[in-house]
Amino acid sequence: MADSKIQDLLNKPRIDLNEYEISVLEEHEFTSGPLSILQTAVRSHNQVLISCRNNRKLLARVKAFDRHCNMVLENVKEMWTETPRVSGGKKGRPVNKDRFISKMFLRGDSVILVLLS
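In the working numbering, the protein residues as written are 447 to 563.
Don't take each hint at face value.
SDA-like mimics (lysine to any residue), calculated; alpha carbons at most 25 Å apart, straight line [unchecked claim]:
(1) K503 - L456
(2) K543 - E473
(3) K536 - K549
(4) K543 - R513
(5) K509 - E473
(6) K523 - E473
(7) K503 - R531
(8) K549 - C515
(9) K509 - S497
Read the hints as simulated data drawn from the structure, not as lab findings.
Construct the entire structure; sequences and hints are all you get.
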């Protein structure tokens, strides 16, 4: 019964849905769609590994998120690799770097991949 109602909502154009129907549809998407990984991370307080567009990785706990993958993160360890220049313009050895950030807002358009650890 509930599955057929969800299917009806999924087949309807979003513009034709009322506020209640949109909330039911979003709840379904958050519990069974790709965003369910973030929902699980929020509920279980597990860490996630987030790969970002700037070639950095974030290991953090998700406090909140929305459908655009905007996230509020806590206890964030940001990790990246830098390649220093040595004299003569040559590239030096790559160096792994990291830093700790206690609270962070991450804009969803910079998220490439989310892994639940």
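Against which earlier hints does the structure fall short, listed by number upward?
Violated hints (numbers, rising): 1, 2, 3, 4, 6; every other hint is consistent with the structure.
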